[in-house]
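As a plain string of letters, each chain reads:
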Amino acid sequence: MFINWKMREINLKVVYYGPALSGKTTNLEYIYTRTNPDLRGELISLKTRGDRTVYFDFMQLELGRIKGLKPKFNLYTVPGQPCYIASRRLVLQGADGVVYVADSQLNRLKANIDTMRSLQQNLLTLGFDPGDFPLVLQYNKRDLPSIAPIALLRMQLAHDGVPQFQSVATEGVGVLETLKSAINLVVSRL
Amino acid sequence: MQHLSPPDELFIRMDDCLERLLDRSRAVCVLLADVSGQLIVQRGKDTKLDTSALAAVTASNMAATEEMARQIGEPAPFSYLFHEGTRRSIYVSAVGETFLLVIIFDEMSQVGLVRIFARLAVSELLGVTAELEPWLEKAASVVDREFGGALADQLDKAFI
Chain Z
1 MFINWKMREI NLKVVYYGPA LSGKTTNLEY IYTRTNPDLR GELISLKTRG
51 DRTVYFDFMQ LELGRIKGLK PKFNLYTVPG QPCYIASRRL VLQGADGVVY
101 VADSQLNRLK ANIDTMRSLQ QNLLTLGFDP GDFPLVLQYN KRDLPSIAPI
151 ALLRMQLAHD GVPQFQSVAT EGVGVLETLK SAINLVVSRL
Chain C
1 MQHLSPPDEL FIRMDDCLER LLDRSRAVCV LLADVSGQLI VQRGKDTKLD
51 TSALAAVTAS NMAATEEMAR QIGEPAPFSY LFHEGTRRSI YVSAVGETFL
101 LVIIFDEMSQ VGLVRIFARL AVSELLGVTA ELEPWLEKAA SVVDREFGGA
151 LADQLDKAFI
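Those protein sequences? They're chains Z and C, same order as listed. Here the first sequence is numbered in our numbering, starting from 1 and rising by one per residue. Here the second sequence is numbered in our numbering, starting from 1 and rising by one per residue.
The hints are simulated quantities; they were obtained by calculation from the structure and are not laboratory data. There may be inaccurate statements among the hints.
Facing chain Z, a subset of chain C residues (Cβ under 7 Å, in silico) [claimed, not checked]:
{"no.": "1", "residue": "Asp34"}
{"no.": "2", "residue": "Val143"}
{"no.": "3", "residue": "Gly149"}
{"no.": "4", "residue": "Leu151"}
For every residue, glycine included, the Cβ atom is placed at its ideal position computed from N, Cα and C.
Could you put the whole structure together from the sequences, leaning on the hints where they help?
Here it is as structure tokens:
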């Protein structure tokens, strides 16, 4: 969080985190298409030629002034592939909240668990308490066959009180609900 | 009554410093951002630049070079980075541990000139940013339940 007293803006950073190909970039792309063009910046994607996120995606969403302050939300994704652990830690720096995008497919359960552990480890490294850090869970790809039951995902990934959403990010289902929940959670913690 | 925001004088000094830097270095645009990529002040002639995105990408680039320094066993982070383009170039310098100074310039200037005036500006900005730093995390005084409610309403209106 950063208050720009000069421009009377309050800047908050929300990071979309999760295993490779879980739909983090798809979330951001959908948010971008649905946001009033007057309220959003450009969607920046640092991708490889193979269309995989190599560093991060970024977009800024700004709202009208509230009590004289203009809220601005900087939305980032991290690269999901395990080799980019250092990049994920860098993007997490200064984060006010995390949306964890889980891949619901049964064969990705281990990747989900490993990535959640790496998130907790990275938060610890950055000086945050993982048990108290604003986190929203999104169970994505609910339209695919061979998906894990929600109860199983919840047991493996969630802890008490974490807001959870089911989604099909390719169709936009659950995407905006997840974002709104993350923003409200982050602001409620200020 | 306790002041809820930093004194305007700090921002005036910051503005003056960046204005002077812009003028002396003959740059196209100068930005001051924090290391997490939040834009604080900008000065320049090119109004079409998406300076918020530029600040975010620059901060990440600087963070990545810091990691590079660590990986190769450098005892301290690199203090600046420079990318030379065919039309425009970019020079980024750390301002202490919390802020970054970004200078975009074209053929009207030269990297040597930019570097000299960037150093002068950094030493001047260090004084101002040290005074600003205690204010950076003071949000609780402006965010209350009423703010949260208004925010939820605005969020609903943001999507089409």
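Open item on the list: Next item in the hint list is Asp34 of chain C. Is there a CB on chain Z closer than 7 Å to its CB?
Closed with: holds (6 Å)
Open item on the list: Please check whether Val143 of chain C passes as an interface residue: C-beta within 7 Å of a C-beta belonging to chain Z.
Closed with: holds (4 Å)
Open item on the list: Can you verify the interface hint for Gly149 of chain C: is its Cβ closer than 7 Å to any Cβ in chain Z?
Closed with: Not OK, violated: Gly149 of chain C not within 7 Å of chain Z, min 9 Å.
Task: chain Z contact restraint for Leu151 of chain C - C-beta distance below 7 Å - done: holds (6 Å)
Of the numbered hints listed earlier, the single one contradicted by the structure is hint 3.
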